[in-house]
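*Asks:* Sequence:
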Amino acid sequence: MTASLIGADAAHEFILANTLLQPPPHVPEIQLHLADEALPLWQKTEDELTESGLPLPFWAFAWAGGQALARYVLDTAGLVTGKRVTVFAAGAGLEAIAAAKRGASHVIATEIDPFARAALAINMAANGVSFKISDTDLLQGDVPDTDILLLGDVFFEQPMADQVADMAARFVAKGGLALVGDPGRSYLPKSRLEMLAEYQVTTTRALEDSLVKATRVWRFVG
1 MTASLIGADA
11 AHEFILANTL
21 LQPPPHVPEI
31 QLHLADEALP
41 LWQKTEDELT
51 ESGLPLPFWA
61 FAWAGGQALA
71 RYVLDTAGLV
81 TGKRVTVFAA
91 GAGLEAIAAA
101 KRGASHVIAT
111 EIDPFARAAL
121 AINMAANGVS
131 FKISDTDLLQ
141 GDVPDTDILL
151 LGDVFFEQPM
161 ADQVADMAAR
171 FVAKGGLALV
181 GDPGRSYLPK
191 SRLEMLAEYQ
201 VTTTRALEDS
211 LVKATRVWRF
221 VG
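Residue numbers (the numbering used here): 1 to 222.
What you were told as hints is all true, and nothing was included just to trick you.
What follows is a list of derived Cβ distance ranges for each label pair:
no., residue 1, residue 2, range
1, Lys132, Gln163, 20 to 30 Å
2, Gly222, Asp9, 42 to 52 Å
3, Thr136, Ser210, 28 to 38 Å
4, Gly175, Leu16, 37 to 47 Å
5, Asp166, Ala17, 33 to 43 Å
6, Asp9, Lys174, 35 to 45 Å
7, Ala17, Ala169, 38 to 48 Å
8, Glu157, Ser191, 17 to 27 Å
9, Gln22, Asp162, 30 to 40 Å
10, Leu16, Val221, 37 to 47 Å
11, Lys132, Ala17, 19 to 29 Å
12, Gln163, Pro114, 19 to 29 Å
I should point out that these hints are in silico values taken from the structure, not numbers from a laboratory.
Because the structure is a prediction, the values reported are computed rather than measured.
We treat Cβ as the ideally placed atom computed from N, Cα and C, and that holds for glycine.
Kindly produce the complete structure, drawing on both the sequences and the hints.
*Replies:* What follows is the structure, encoded as C-alpha coordinates:
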(Lines of atoms letter the chains of each structure in order from A; the text may use other names.)
(Lines give C-alpha, C1' and ligand atoms only; values in the text may rest on other atoms or scores of the structure.)
Protein backbone atom coordinates (compact mmCIF):
# COMPACT_ATOMS: atom_id res chain seq x y z
CA MET A 1 0.00 0.00 0.00
CA THR A 2 1.46 3.36 -1.02
CA ALA A 3 0.69 6.90 -0.02
CA SER A 4 -1.31 7.46 -3.21
CA LEU A 5 -3.70 4.61 -2.31
CA ILE A 6 -4.39 5.67 1.25
CA GLY A 7 -7.85 7.19 1.33
CA ALA A 8 -11.21 6.45 2.87
CA ASP A 9 -11.76 3.32 0.77
CA ALA A 10 -8.25 1.97 1.41
CA ALA A 11 -8.56 2.61 5.14
CA HIS A 12 -11.94 0.88 5.23
CA GLU A 13 -10.55 -2.12 3.35
CA PHE A 14 -7.46 -2.36 5.58
CA ILE A 15 -9.54 -2.27 8.77
CA LEU A 16 -12.00 -4.94 7.65
CA ALA A 17 -9.17 -7.18 6.42
CA ASN A 18 -7.11 -6.95 9.60
CA THR A 19 -9.62 -6.84 12.46
CA LEU A 20 -12.48 -8.88 13.89
CA LEU A 21 -15.81 -7.54 15.16
CA GLN A 22 -15.78 -8.40 18.86
CA PRO A 23 -16.75 -6.99 22.28
CA PRO A 24 -14.11 -5.40 24.51
CA PRO A 25 -13.78 -7.53 27.68
CA HIS A 26 -15.12 -4.89 30.07
CA VAL A 27 -17.84 -3.52 27.79
CA PRO A 28 -19.61 -6.53 26.25
CA GLU A 29 -22.60 -4.42 25.17
CA ILE A 30 -20.49 -2.86 22.41
CA GLN A 31 -18.90 -4.45 19.35
CA LEU A 32 -15.72 -3.05 17.82
CA HIS A 33 -13.49 -4.00 14.93
CA LEU A 34 -10.31 -4.82 16.88
CA ALA A 35 -7.04 -6.55 16.16
CA ASP A 36 -7.28 -10.20 17.15
CA GLU A 37 -3.54 -10.27 17.74
CA ALA A 38 -1.75 -7.05 18.63
CA LEU A 39 1.77 -7.54 17.37
CA PRO A 40 1.02 -8.80 13.83
CA LEU A 41 -1.18 -5.79 13.05
CA TRP A 42 1.33 -3.41 14.60
CA GLN A 43 4.07 -4.90 12.40
CA LYS A 44 1.83 -4.90 9.34
CA THR A 45 1.02 -1.24 9.86
CA GLU A 46 4.68 -0.38 10.23
CA ASP A 47 5.61 -2.35 7.12
CA GLU A 48 2.82 -1.12 4.85
CA LEU A 49 1.80 2.29 6.09
CA THR A 50 4.46 4.03 8.18
CA GLU A 51 6.36 5.29 5.15
CA SER A 52 3.20 7.21 4.26
CA GLY A 53 3.36 9.11 7.55
CA LEU A 54 0.37 7.46 9.23
CA PRO A 55 0.32 6.85 12.99
CA LEU A 56 0.51 3.36 14.44
CA PRO A 57 -2.88 1.59 14.87
CA PHE A 58 -3.92 2.72 18.33
CA TRP A 59 -7.50 2.58 16.98
CA ALA A 60 -7.34 -1.23 16.71
CA PHE A 61 -7.28 -1.90 20.45
CA ALA A 62 -9.65 -1.37 23.37
CA TRP A 63 -7.28 0.32 25.81
CA ALA A 64 -7.91 -0.06 29.52
CA GLY A 65 -8.67 3.60 30.15
CA GLY A 66 -11.23 3.73 27.37
CA GLN A 67 -12.91 0.55 28.59
CA ALA A 68 -13.23 1.92 32.12
CA LEU A 69 -14.56 5.25 30.91
CA ALA A 70 -17.11 3.60 28.63
CA ARG A 71 -18.19 1.32 31.49
CA TYR A 72 -18.69 4.36 33.73
CA VAL A 73 -20.73 6.16 31.06
CA LEU A 74 -22.95 3.11 30.56
CA ASP A 75 -23.45 2.45 34.27
CA THR A 76 -23.97 5.99 35.58
CA ALA A 77 -27.63 6.87 35.12
CA GLY A 78 -28.24 10.31 33.65
CA LEU A 79 -24.57 11.16 33.26
CA VAL A 80 -24.72 11.92 29.55
CA THR A 81 -28.47 11.80 28.89
CA GLY A 82 -29.48 14.89 26.95
CA LYS A 83 -25.93 16.24 27.13
CA ARG A 84 -23.50 17.27 24.39
CA VAL A 85 -20.40 15.08 24.56
CA THR A 86 -16.96 15.38 22.95
CA VAL A 87 -14.57 12.43 22.89
CA PHE A 88 -10.92 13.41 22.43
CA ALA A 89 -8.67 11.01 20.48
CA ALA A 90 -11.66 8.72 20.07
CA GLY A 91 -9.78 5.75 18.59
CA ALA A 92 -12.14 2.88 17.79
CA GLY A 93 -15.10 4.82 19.20
CA LEU A 94 -15.78 2.93 22.42
CA GLU A 95 -16.58 5.97 24.56
CA ALA A 96 -18.48 7.72 21.76
CA ILE A 97 -20.67 4.66 21.21
CA ALA A 98 -21.30 4.36 24.95
CA ALA A 99 -22.37 8.01 25.14
CA ALA A 100 -24.68 7.63 22.14
CA LYS A 101 -26.21 4.49 23.62
CA ARG A 102 -26.92 6.30 26.89
CA GLY A 103 -28.86 9.11 25.29
CA ALA A 104 -26.40 11.94 24.74
CA SER A 105 -28.09 14.59 22.61
CA HIS A 106 -25.00 15.11 20.45
CA VAL A 107 -21.68 13.25 20.37
CA ILE A 108 -18.53 14.42 18.58
CA ALA A 109 -15.67 11.93 18.20
CA THR A 110 -12.43 13.70 17.32
CA GLU A 111 -9.47 11.98 15.67
CA ILE A 112 -6.53 13.28 13.64
CA ASP A 113 -5.66 9.77 12.33
CA PRO A 114 -7.55 9.04 9.07
CA PHE A 115 -7.55 5.29 9.77
CA ALA A 116 -9.10 5.93 13.18
CA ARG A 117 -11.79 8.04 11.54
CA ALA A 118 -12.52 5.15 9.18
CA ALA A 119 -12.70 2.78 12.17
CA LEU A 120 -15.06 5.19 13.93
CA ALA A 121 -17.45 5.13 10.96
CA ILE A 122 -17.32 1.33 10.71
CA ASN A 123 -17.89 0.81 14.44
CA MET A 124 -20.63 3.42 14.62
CA ALA A 125 -22.56 1.53 11.95
CA ALA A 126 -21.88 -1.84 13.59
CA ASN A 127 -23.51 -0.63 16.81
CA GLY A 128 -26.48 1.12 15.24
CA VAL A 129 -25.72 4.54 16.72
CA SER A 130 -24.94 7.94 15.27
CA PHE A 131 -22.36 10.56 16.15
CA LYS A 132 -20.25 13.19 14.40
CA ILE A 133 -16.71 12.27 13.38
CA SER A 134 -14.32 15.22 13.31
CA ASP A 135 -10.68 15.68 12.31
CA THR A 136 -10.38 18.77 14.54
CA ASP A 137 -7.18 18.85 16.59
CA LEU A 138 -8.48 19.99 19.96
CA LEU A 139 -4.97 20.67 21.21
CA GLN A 140 -4.53 23.42 18.63
CA GLY A 141 -7.67 25.49 19.08
CA ASP A 142 -10.58 26.41 21.29
CA VAL A 143 -12.01 23.90 23.74
CA PRO A 144 -15.16 22.08 22.65
CA ASP A 145 -18.49 23.86 23.03
CA THR A 146 -20.11 20.85 24.70
CA ASP A 147 -21.12 19.78 28.19
CA ILE A 148 -18.84 16.78 28.72
CA LEU A 149 -15.32 15.94 27.54
CA LEU A 150 -14.20 12.30 27.63
CA LEU A 151 -10.47 11.52 27.81
CA GLY A 152 -9.66 7.80 27.62
CA ASP A 153 -6.05 6.70 28.06
CA VAL A 154 -4.39 9.86 26.72
CA PHE A 155 -1.62 10.50 29.26
CA PHE A 156 1.05 8.27 27.71
CA GLU A 157 3.79 10.79 27.08
CA GLN A 158 4.88 14.37 27.41
CA PRO A 159 4.43 16.98 26.04
CA MET A 160 1.04 15.68 24.86
CA ALA A 161 -0.03 14.95 28.44
CA ASP A 162 0.63 18.56 29.41
CA GLN A 163 -1.34 19.81 26.40
CA VAL A 164 -4.28 17.54 27.22
CA ALA A 165 -4.28 18.68 30.86
CA ASP A 166 -4.25 22.31 29.76
CA MET A 167 -7.17 21.68 27.39
CA ALA A 168 -9.13 19.90 30.12
CA ALA A 169 -8.48 22.72 32.58
CA ARG A 170 -9.78 25.29 30.08
CA PHE A 171 -12.84 23.13 29.41
CA VAL A 172 -13.62 22.85 33.12
CA ALA A 173 -13.06 26.59 33.61
CA LYS A 174 -15.87 27.20 31.08
CA GLY A 175 -18.22 25.04 33.15
CA GLY A 176 -17.76 21.66 31.44
CA LEU A 177 -17.31 18.23 32.99
CA ALA A 178 -14.08 16.51 31.94
CA LEU A 179 -13.80 12.78 32.71
CA VAL A 180 -10.60 10.74 32.46
CA GLY A 181 -10.16 6.97 32.17
CA ASP A 182 -6.63 5.85 32.99
CA PRO A 183 -4.82 2.70 34.23
CA GLY A 184 -1.96 4.61 35.85
CA ARG A 185 -0.02 6.05 32.93
CA SER A 186 3.22 7.83 33.76
CA TYR A 187 2.02 11.36 33.04
CA LEU A 188 -1.44 11.24 34.60
CA PRO A 189 -1.86 14.56 36.53
CA LYS A 190 -3.28 12.99 39.70
CA SER A 191 -3.06 16.22 41.70
CA ARG A 192 -5.62 17.74 39.33
CA LEU A 193 -8.08 14.85 39.49
CA GLU A 194 -10.81 13.47 41.74
CA MET A 195 -11.38 9.71 41.58
CA LEU A 196 -14.91 8.54 40.80
CA ALA A 197 -14.61 4.79 40.19
CA GLU A 198 -12.17 1.90 39.82
CA TYR A 199 -12.43 -1.19 37.63
CA GLN A 200 -10.35 -4.31 37.07
CA VAL A 201 -10.01 -4.28 33.28
CA THR A 202 -8.84 -7.30 31.28
CA THR A 203 -6.07 -6.39 28.83
CA THR A 204 -3.36 -8.16 26.85
CA ARG A 205 0.30 -8.67 27.67
CA ALA A 206 1.14 -7.62 24.13
CA LEU A 207 0.12 -4.07 25.08
CA GLU A 208 0.31 -3.90 28.87
CA ASP A 209 2.47 -5.18 31.73
CA SER A 210 -0.31 -7.37 33.15
CA LEU A 211 -3.44 -9.22 32.04
CA VAL A 212 -5.64 -7.15 34.36
CA LYS A 213 -5.17 -3.44 34.98
CA ALA A 214 -6.65 -1.55 37.92
CA THR A 215 -8.14 1.34 35.98
CA ARG A 216 -9.75 4.44 37.40
CA VAL A 217 -12.21 7.02 36.20
CA TRP A 218 -11.44 10.55 37.35
CA ARG A 219 -13.05 13.97 37.22
CA PHE A 220 -10.70 16.74 36.15
CA VAL A 221 -10.92 19.51 38.73
CA GLY A 222 -8.52 22.11 37.35
